[in-house]
Amino acid sequence: MREKVFLIHGLFMHGVIMQYMRNQLSALGYDVYTFSYKTTKKNLRDNAQLLVEFIQKQQSDHDVCHFVGHSLGGILIRLAYESAPEYFTGRIVTLGTPHNGSKVAQHIVQRLPVNILGGAYEDALDGDLPPWKGEVDLGSIAGTKGLGIGLALSDLDQPNDGTVAWSETQLTHQKDSISFPLTHTALIYSKKVVEQTDHFLRYGQFEHEKLKKNISHDHDS
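All residue numbers for the sequence shown refer to this note's numbering, where the first residue is -9 and numbers rise by one.
Worth flagging that the hints you see were computed from the coordinates, not collected in a lab. Do not take every clue at face value.
[To be verified] So the derived label-pair ranges between C-beta atoms look like this:
| id | residue 1 | residue 2 | range |
| --- | --- | --- | --- |
| 1 | D36 | H97 | 20 to 28 Å |
| 2 | P103 | K200 | 44 to 52 Å |
| 3 | Q100 | F2 | 29 to 37 Å |
| 4 | Q39 | P149 | 18 to 26 Å |
| 5 | P171 | E43 | 24 to 32 Å |
| 6 | D116 | H4 | 17 to 25 Å |
| 7 | P171 | F2 | 17 to 25 Å |
| 8 | H4 | Y193 | 27 to 35 Å |
| 9 | V42 | D145 | 32 to 40 Å |
| 10 | P103 | T162 | 29 to 37 Å |
| 11 | Q100 | R(-8) | 24 to 32 Å |
| 12 | R192 | R101 | 38 to 46 Å |
| 13 | G19 | E43 | 20 to 28 Å |
[To be verified] For lysine to aspartate or glutamate, the following EDC-like pairs were computed, each having C-alpha atoms within a straight-line distance of at most 20 Å:
| id | residue 1 | residue 2 |
| --- | --- | --- |
| 14 | K31 | D113 |
| 15 | K(-6) | D51 |
| 16 | K28 | D113 |
C-beta: ideal position from N, C-alpha, C; glycine also.
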């Protein structure tokens, strides 16, 4: 039995941006695969079907397939699960994913004359998604360092990571959640995020006691 992790990037990005996490998770013993997709040129449901086809090519009998998605990538994972739940034999971790819709994306669509979000908005960043029933363990990691495009929006909930509010990352029937003082993009370059992702994939929960100890140490130093 092999434990495989599928990494899925976010909006306007390419799979190469997940290379740090790929290297770190590979060093921890996982077989890691990175899925790249055109985030705006196709609607997200079509991209979800492409993800399912990608999983099919990599999967063997008795493999445990985990999924880690950054931002829009977490929504893509949810849509892929809806169409092919049989491939989701492990756990899911989402990083800064606006499960409840993105206020930043809403402002972009409303204020710009051209929809630069393309197929990533409807049935995706607008929050119009199938309800999550919790049949697979899903853990949400959020950032709380508010530096980014969200600074221009006075009504973006606090705390936020500069792009996505913590409240937007909270999903009904998620198994666990945790947050770090990181910006939206920094979530995929953090050793602590990798450690917590690994812990959730193995045990179905985050290591909250370790986080408390780190915070206490930071305050004492």
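Original post:
Quick one, are K28 and D113 close enough, alpha carbons at most 20 Å?
Top reply: holds (16 Å)
Original post:
Holds or violated: 27 to 35 Å for the Cβ distance of H4 and Y193?
Top reply: Once the Cβ atoms are compared, 31 Å apart, the range 27 to 35 Å for Y193 and H4 holds.
Original post:
Using the C-beta atoms of D36 and H97, is the stated range 20 to 28 Å upheld?
Top reply: holds (25 Å)
Original post:
Between R192 and R101, is the Cβ distance one that fits in 38 to 46 Å?
Top reply: holds (43 Å)
Subject >> Beta-carbon spacing of P171 to F2 - inside the hinted bounds 17 to 25 Å or not >> reply: The hinted range 17 to 25 Å holds for P171 and F2, with Cβ atoms some 24 Å apart.
Subject >> Pair hint outcome, K(-6) versus D51 [Cα-Cα no greater than 20 Å] >> reply: holds (12 Å)
Original post:
Does the Cβ-Cβ separation between P103 and T162 fall within 29 to 37 Å?
Top reply: holds (35 Å)
Subject >> Pairwise beta carbon distance, P171 to E43, judged against the given window 24 to 32 Å >> reply: Since the Cβ atoms of P171 and E43 sit about 38 Å apart, the hinted range of 24 to 32 Å is violated.
Subject >> Restraint check for K31 with D113, where alpha carbons must lie at most 20 Å apart >> reply: holds (14 Å)
Subject >> CB-CB spacing for R(-8) and Q100 relative to the 24 to 32 Å hint >> reply: violated (46 Å)
Subject >> CB-CB spacing for H4 and D116 relative to the 17 to 25 Å hint >> reply: For H4 against D116, whose Cβ atoms are near 23 Å apart, the range 17 to 25 Å holds.
Original post:
Taking 18 to 26 Å as the hint, is the beta-carbon distance of Q39 and P149 inside that range?
Top reply: violated (35 Å)
Violated hints, in rising order: 3, 4, 5 and 11; the structure is consistent with all others.
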